[in-house]
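Number of protein chains: 4
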Amino acid sequence: MNKNLKLVVIGGGSSYTPELIEGVIKKRKELPITELILVDVIDGEEKVKINYELVKRMFKKENIDINFSYSLDRKKALENADFVLTQFRVGGFKSRILDEEIPLKYGFVGQETTGAGGFAKALRTIPVILDICKDIEEVAKDAWLINFTNPAGIITEAIHKYSNVKAIGVCNVPINMRYDVANQLDLPIEKIRAQFVGLNHLSFISKVFVDGKNVIDKILYQNNENSENIVKNIEKIDDVDKINQYLGLISSPYLQYFFFPQKMINKELDNIKSGKGTRGTQVAAIEKKLFEKYKDINLDVKPKELEERGGARYSEIAINVIDSIYNNKNKEFVVNTINNGTFAELPDNVSIETNCIISNEGARPINSGKFPKSVTSLIQQVKTYEEYTIEAAVNGDRKKAYLALFNNPLINNKEKIEELLNEIIVKNKKYLQNFLD
Amino acid sequence: MNKNLKLVVIGGGSSYTPELIEGVIKKRKELPITELILVDVIDGEEKVKINYELVKRMFKKENIDINFSYSLDRKKALENADFVLTQFRVGGFKSRILDEEIPLKYGFVGQETTGAGGFAKALRTIPVILDICKDIEEVAKDAWLINFTNPAGIITEAIHKYSNVKAIGVCNVPINMRYDVANQLDLPIEKIRAQFVGLNHLSFISKVFVDGKNVIDKILYQNNENSENIVKNIEKIDDVDKINQYLGLISSPYLQYFFFPQKMINKELDNIKSGKGTRGTQVAAIEKKLFEKYKDINLDVKPKELEERGGARYSEIAINVIDSIYNNKNKEFVVNTINNGTFAELPDNVSIETNCIISNEGARPINSGKFPKSVTSLIQQVKTYEEYTIEAAVNGDRKKAYLALFNNPLINNKEKIEELLNEIIVKNKKYLQNFLD
Amino acid sequence: MNKNLKLVVIGGGSSYTPELIEGVIKKRKELPITELILVDVIDGEEKVKINYELVKRMFKKENIDINFSYSLDRKKALENADFVLTQFRVGGFKSRILDEEIPLKYGFVGQETTGAGGFAKALRTIPVILDICKDIEEVAKDAWLINFTNPAGIITEAIHKYSNVKAIGVCNVPINMRYDVANQLDLPIEKIRAQFVGLNHLSFISKVFVDGKNVIDKILYQNNENSENIVKNIEKIDDVDKINQYLGLISSPYLQYFFFPQKMINKELDNIKSGKGTRGTQVAAIEKKLFEKYKDINLDVKPKELEERGGARYSEIAINVIDSIYNNKNKEFVVNTINNGTFAELPDNVSIETNCIISNEGARPINSGKFPKSVTSLIQQVKTYEEYTIEAAVNGDRKKAYLALFNNPLINNKEKIEELLNEIIVKNKKYLQNFLD
Amino acid sequence: MNKNLKLVVIGGGSSYTPELIEGVIKKRKELPITELILVDVIDGEEKVKINYELVKRMFKKENIDINFSYSLDRKKALENADFVLTQFRVGGFKSRILDEEIPLKYGFVGQETTGAGGFAKALRTIPVILDICKDIEEVAKDAWLINFTNPAGIITEAIHKYSNVKAIGVCNVPINMRYDVANQLDLPIEKIRAQFVGLNHLSFISKVFVDGKNVIDKILYQNNENSENIVKNIEKIDDVDKINQYLGLISSPYLQYFFFPQKMINKELDNIKSGKGTRGTQVAAIEKKLFEKYKDINLDVKPKELEERGGARYSEIAINVIDSIYNNKNKEFVVNTINNGTFAELPDNVSIETNCIISNEGARPINSGKFPKSVTSLIQQVKTYEEYTIEAAVNGDRKKAYLALFNNPLINNKEKIEELLNEIIVKNKKYLQNFLD
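Protein chains in written order, with our numbering: chain G, 300 to 736; chain L, 300 to 736; chain W, 300 to 736; chain V, 300 to 736.
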């Protein structure tokens with residue numbers, strides 16, 4: 300690899316940026332970054348500027364001398380990049396809140412990454428990510444794209460199907476689930492190998508290895524006092540322990556939407572009724588406060604308050620993946636990559652989330668055999684939803700959009716699909732012009 | 300085949316029997332039956348006796364001289380049978396009404412063949428049908444079993460997996476769907492070839508051939524004034540036409556439970572509230588009247604009132620299948636048989652409902668390629684439910700029973716499964732002793 | 300279908316034509332042909348003229364009044380055809396003899412349809428059949444193409460992959476194998492259902508049904524005095540009976556090339572040494588005599604001498620397939636059609652030879668489960684050879700041609716492939732210009 | 300893992316033992332072996348004793364204090380073993396020479412691991428390895444079995460199918476092929492990642508990665524002066540370079556038997572005619588000299604002459620695999636393990652040879668997508684041969700033995716199988732009693 304390691308962060312105005320930079324600083328020996336650019340769109344200029352100033356102070360504190368800048372000219376910024384990190388949100392919190400609220404009106408789960416909300420987010424995001432990929436193909440064709448933007452699995456698949464960019468999709472849920480397992484077993488994280496199977500935000504730990512032995516039953520059946528909410532935005536429902544026992548699997552917190560849709564809907568409705576608002580509303584408020592904090596010219600480290608924001612260990616996984624690629628470390632991470640025969644129950648060209656060896660060749664999935672039968676058809680159904688969603692987004696195809704929602708298990712009363720779809724398109728029309736032509 | 304064609308009807312006390320006999324009478328030239336026995340259990344003695352007397356009068360009217368009897372000794376009756384028809388209902392209407400009512404308490408569809416109701420029926424029925432098969436293996440090993448008992452797909456699969464009996468599962472829905480297509484196109488039934496794909500009570504017409512051309516779009520998009528309720532017990536919901544257009548398929552009426560679960564639940568609840576009762580309650584009343592009618596010693600034909608009962612063309616399909624086997628006619632029928640590679644998306648050893656060539660070799664499925672992508676994962680999910688159900692029933696295995704319901708798309712709030720399952724077992728304890736040991 | 304049934308025979312100058320016409324005459328009630336054209340290329344004009352005169356006399360004898368002609372203008376002749384029969388041979392006997400002789404020089408089987416000879420024939424034939432298909436697409440788009448030209452399986456697949464013409468590939472080997480089984484069991488052909496699995500000239504009878512029971516062991520283990528050479532051009536080698544017993548299958552005579560390559564090569568070499576010449580040389584002589592016979596203005600029936608020619612029952616199968624399509628008879632024939640999931644061990648888009656229902660929809664394969672394990676990899680290997688052959692022929696691609704021969708089990712010393720391939724291309728250069736550009 | 304690391308070597312009388320011990324000595328820091336037993340059968344006592352004395356001197360030289368012994372009581376020796384290495388040869392060189400000579404009489408390749416010779420070796424070896432596994436299950440159930448005995452792929456599969464022992468099959472060909480690639484590119488071995496696909500002694504390098512880029516074309520098309528014989532016992536035939544170019548793959552030297560069977564047969568025949576004898580004859584002579592050397596009481600290191608013996612880097616791979624398991628290093632090695640869905644073109648329960656992550660969980664294959672199409676059916680065919688061989692060996696089943704040879708591409712004239720098989724059984728009767736009962 301070249302010596303002048305260049306990193307470009309798209310969505311540089313995100314409130315996560317200080318955490319990412321913290322990671323960059325910690326890893327600076329292994330990752331000798333010489334150029335770093337925060338990129339954002341014009342609407343994000345204010346935020347990216349705040350981040351830029353804070354990061355400058357962080358670098359100064361550590362005596363780090365990097366060619367560091369921010370930019371609104373994405374293509375120019377991408378020139379000869381080695382790594383591109385994408386963490387943008389098309390439409391911002393306003394769109395997120397719509398994603399959470401619209402489905403509720405039809406009796407469905409409203410969530411930013413799954414169900415009809417995640418669907419709307421995918422429709423908005425796919426054209427943008429493919430545009431970014433076109434830029435990368437032109438000005439940084441050897442770059443690795445590390446994507447965090449949700450729905451991360453769908454985005455990874457869209458990139459694979461419609462561009463030549465080398466991409467890995469990253470999510471912080473698997474690492475947090477593995478930490479949770481380690482806590483429950485009272486063991487250091489290094490002692491735990493957790494085998495993940497499934498899709499992004501639809502994954503399961505199928506086996507937990509300690510010293511080469513599968514000890515998942517200890518997790519499933521012991522009293523897990525050390526367990527806690529794995530992701531900030533999804534409160535645990537106790538019934539999930541019982542389900543995990545029946546399945547013989549540890550399910551991602553996002554599975555709760557599929558297991559208990561009505562309970563989850565009720566929680567959401569309660570939050571709205573109580574004035575607390577959707578999770579998006581809450582996070583928007585947190586973020587506002589965060590940026591106030593970031594502006595403080597005396598602040599030169601990542602502020603603790605960022606942890607409330609959710610997305611814990613996001614920087615840890617991102618920087619480690621980059622390190623394992625750049626330094627060809629062949630370390631094992633759970634990421635989103637292309638199936639390519641790893642799971643026989645899914646098509647070859649779709650994205651999966653599973654344990655991979657990360658090296659300068661990218662992500663190579665480790666074979667773990669067949670899906671557990673008890674959740675295979677659920678995974679297949681959600682994948683069908685995802686495939687239709689990508690086709691719909693790329694072509695502005697309402698029929699494919701309908702079939703996407705039709706195949707989503709969270710949309711269980713099919714007579715409401717047309718109206719729901721229509722509202723999604725109308726309310727997102729700024730970003731979904733291809734559906735309106 | 301031997302010249303002394305012997306037919307045994309298990310569940311001979313069913314109110315359908317006169318229709319079946321009407322079919323036997325019509326086909327007597329091609330099917331030279333010399334012995335016919337109506338078999339029932341002790342609780343069904345009264346009904347089977349009524350049927351016996353009516354059938355005697357029907358035969359007399361037509362000057363038919365057959366060795367005809369009824370029996371409560373199943374194994375003895377089965378000796379050297381050539382064809383065995385099974386049309387029994389374990390637990391009778393009382394159990395059916397429970398199957399319809401229990402799921403409603405948990406917010407789920409209550410229906411006798413699908414969802415949690417069909418599940419309960421399967422648990423009761425599988426041990427009985429396997430007992431019958433054991434008898435057949437012992438005393439009539441070359442006999443063909445033509446099964447009508449619901450859930451017909453699950454029953455066919457259980458027979459295949461746990462016995463050596465040659466069996467074909469028959470349902471009247473496909474033939475009625477084909478008639479409906481013929482009516483809509485104003486063509487005689489012979490001009491229509493409808494390609495069916497899927498499972499029993501989860502089937503779709505994927506193509507409609509007239510003169511070698513696929514004309515399904517005519518059905519999907521024309522104003523179908525001639526269309527009517529295909530099955531008596533499921534009133535059509537208009538939204539299904541729109542869905543069929545999106546899918547490019549004509550869906551079985553039973554798909555409405557999967558498309559509009561809440562609407563279907565509401566209808567069921569309305570019927571109960573209004574005092575009309577569940578469909579089972581209504582049919583029990585109809586049947587009571589029917590048997591009053593059957594007792595009339597002047598009646599010597601199938602009474603017209605039987606048509607209200609549902610199950611139209613049941614005799615047509617049953618007798619034609621027997622005819623095509625006995626006379627090796629190689630005619631095409633839509634029946635339930637073992638997949639054996641017909642649909643690559645399902646395991647080899649499961650039952651499917653599709654177009655088959657029926658001959659003295661049994662049912663050979665005609666290849667029709669892959670499932671339509673838009674409904675593949677739905678079919679896979681229901682099949683997973685069916686496989687777990689069979690394992691649960693055979694072994695009295697609560698975990699498998701749980702996983703069956705977990706995989707049933709009509710059971711969408713998983714936290715209720717344990718309680719629901721418990722109530723099913725307790726209320727059916729007479730028939731589910733193997734779950735209680 | 301239209302009332303004016305038009306049949307076009309491409310390769311009308313073939314010596315088989317009188318047999319085909321005999322079939323047309325016999326079936327004239329079911330197949331009311333109003334127009335018939337024999338088409339050939341300019342080099343075949345003499346022969347097609349002789350056939351034309353003979354057929355005129357045959358029609359006259361039977362008082363048949365058809366619009367009958369011959370033509371060298373293929374596209375014009377094809378206009379509005381309902382059925383097109385292709386029975387041509389690119390390069391004539393001269394090429395066939397080369398196909399038989401060239402491989403022998405390298406130590407390989409020399410045969411016109413299999414091995415390197417069949418490969419050369421495929422390279423010459425595919426561009427021509429695709430040209431014919433282009434004509435059909437333009438001037439007779441609803442026509443059915445019934446192809447006899449060898450290698451019939453490869454040709455059927457090439458048509459499917461590179462045109463939209465509705466085609467069925469027909470071969471007389473399966474029907475002759477079924478007659479042979481009937482003779483051995485001393486039963487009329489109608490009593491026998493033989494299940495075929497595999498590819499053209501690489502097929503096996505996996506089961507023989509009589510009265511619904513599989514009696515293949517009777518054939519495999521009884522003393523088969525009634526058996527005879529199934530195809531004129533392949534003398535039976537006794538060892539094949541032993542192999543069939545081990546496999547539990549009845550193998551096509553063409554399998555002898557795969558089972559006993561050295562013995563078959565020795566036979567071929569003996570024929571050449573003895574002055575008898577290859578089979579092609581012999582048939583060329585027979586054909587010469589046949590056409591002398593055909594010229595006899597007193598001849599007005601198919602001459603008996605034609606039977607020596609090989610190709611028995613060719614007309615029977617061709618005319619019956621046309622009849623079953625035209626009259627939508629849904630009869631079962633063994634033909635070459637597209638796999639489309641019938642055999643899971645092969646790709647979907649390749650040709651297979653198996654039992655199909657023939658109707659106005661074309662050929663629908665009947666499911667018969669998995670290939671017998673003992674011959675699965677042989678079938679897969681030959682199919683790989685076939686797929687590469689088609690790619691090579693269409694694109695004039697030497698690498699694909701190499702890989703075709705590399706995957707052919709009859710080419711077992713791979714160091715000779717390049718030289719062999721070069722000689723094939725040079726000697727066939729008139730027909731393989733696309734390899735030389 | 301326990302602190303008292305115990306290693307048992309079955310076939311301890313092998314001439315390879317000093318190399319293995321050399322490896323043990325080099326790795327002693329990472330692998331703290333406390334007990335080491337060389338096991339052999341009574342016929343091998345003399346050799347194992349010689350080895351025992353030599354190894355004692357080697358340990359003494361290095362001041363290594365291990366509980367070291369030799370034993371003829373296998374089961375006792377295995378008690379509580381942590382690692383078991385199997386490197387025995389049933390029947391010794393006498394049998395090997397028969398394996399090489401018998402097939403030649405029928406016109407087939409005679410080789411100890413592939414073709415009919417490898418088949419005979421498998422028949423002799425499988426019952427013995429399964430006996431060993433029974434012992435391990437009883438007295439050392441947590442032990443890892445590292446198998447070198449050929450045919451290593453078949454042996455690995457037999458262990459998986461018929462025992463519960465945790466086993467990894469190891470071969471020195473892949474590591475030598477990778478070294479060869481490194482030499483050709485003039486790069487250190489660590490810079491090369493070579494992706495292997497296929498089976499033991501039937502493997503291919505599909506991609507060669509340097510700095511994350513696939514550079515296989517450099518190997519395929521450059522003038523490879525640095526290349527040399529990868530395995531001692533197979534002299535390179537130049538034509539293989541041309542074939543590799545067409546395939547786009549680097550093929551294992553053992554593929555030469557499949558590519559050039561006649562040339563390989565001729566070489567073997569020449570060796571016999573010239574008095575040099577088969578490879579087995581030559582190696583037997585080398586070994587005799589080696590043991591003379593080993594007896595030298597002044598020898599206390601591995602003698603250089605061992606390298607002539609073949610089997611280079613055998614100790615390197617064996618000891619490294621043990622190290623990666625024991626120390627959970629998650630290093631990547633090419634080993635034989637169970638497919639379990641890694642290659643969709645093969646059954647789940649068969650052995651493959653491919654890149655795996657080796658840890659305390661054993662070998663986890665890394666997904667590398669589909670087999671290259673050009674060699675898929677060859678691999679499938681050999682696997683079918685292997686599956687039948689195992690069934691034949693376990694059950695003494697002649698029919699399965701026949702079908703094994705029938706499916707072996709090196710047995711191309713099938714009429715000779717029965718006689719060949721008979722001679723194999725008769726000449727090996729001491730070890731194949733189960734075929735004679």
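No lab work stands behind these hints, which were simulated from the structure alone.
All of these numbers come straight from a predicted model, not from anything done at the bench.
Treat the hints with caution; some may be incorrect.
Which copy is meant is left open, because identical chains are indistinguishable; a pair holds if it fits in one copy or across any two.
[Claimed, not checked] In silico DSS-like pairs for lysine-lysine, Cα to Cα no more than 27 Å straight-line:
1. Lys512 x Lys699
2. Lys512 x Lys490
3. Lys698 x Lys517
4. Lys535 x Lys572
5. Lys328 x Lys512
6. Lys698 x Lys541
7. Lys575 x Lys669
8. Lys348 x Lys715
9. Lys628 x Lys325
10. Lys326 x Lys630
11. Lys566 x Lys726
12. Lys715 x Lys404
13. Lys460 x Lys512
14. Lys404 x Lys531
15. Lys630 x Lys669
16. Lys490 x Lys628
17. Lys326 x Lys404
18. Lys566 x Lys355
19. Lys698 x Lys669
20. Lys506 x Lys592
21. Lys465 x Lys517
22. Lys628 x Lys588
23. Lys348 x Lys594
24. Lys594 x Lys506
Hints and how they fare:
no., hint, result
1, Lys512 x Lys699, "between (45 Å within a copy, 26 Å between copies)"
2, Lys512 x Lys490, "within (11 Å within a copy, 33 Å between copies)"
3, Lys698 x Lys517, "between (47 Å within a copy, 19 Å between copies)"
4, Lys535 x Lys572, "within (21 Å within a copy, 37 Å between copies)"
5, Lys328 x Lys512, "between (35 Å within a copy, 25 Å between copies)"
6, Lys698 x Lys541, "between (38 Å within a copy, 11 Å between copies)"
7, Lys575 x Lys669, "neither (43 Å within a copy, 49 Å between copies)"
8, Lys348 x Lys715, "neither (43 Å within a copy, 51 Å between copies)"
9, Lys628 x Lys325, "both (17 Å within a copy, 25 Å between copies)"
10, Lys326 x Lys630, "both (15 Å within a copy, 23 Å between copies)"
11, Lys566 x Lys726, "within (24 Å within a copy, 33 Å between copies)"
12, Lys715 x Lys404, "both (10 Å within a copy, 24 Å between copies)"
13, Lys460 x Lys512, "between (38 Å within a copy, 21 Å between copies)"
14, Lys404 x Lys531, "within (25 Å within a copy, 34 Å between copies)"
15, Lys630 x Lys669, "both (23 Å within a copy, 24 Å between copies)"
16, Lys490 x Lys628, "both (19 Å within a copy, 12 Å between copies)"
17, Lys326 x Lys404, "neither (46 Å within a copy, 57 Å between copies)"
18, Lys566 x Lys355, "neither (41 Å within a copy, 65 Å between copies)"
19, Lys698 x Lys669, "between (32 Å within a copy, 20 Å between copies)"
20, Lys506 x Lys592, "neither (42 Å within a copy, 51 Å between copies)"
21, Lys465 x Lys517, "between (39 Å within a copy, 23 Å between copies)"
22, Lys628 x Lys588, "neither (39 Å within a copy, 45 Å between copies)"
23, Lys348 x Lys594, "within (10 Å within a copy, 80 Å between copies)"
24, Lys594 x Lys506, "neither (45 Å within a copy, 51 Å between copies)"
Checked against the numbered hints given earlier, this structure breaks hints 7, 8, 17, 18, 20, 22, 24; the rest are met.
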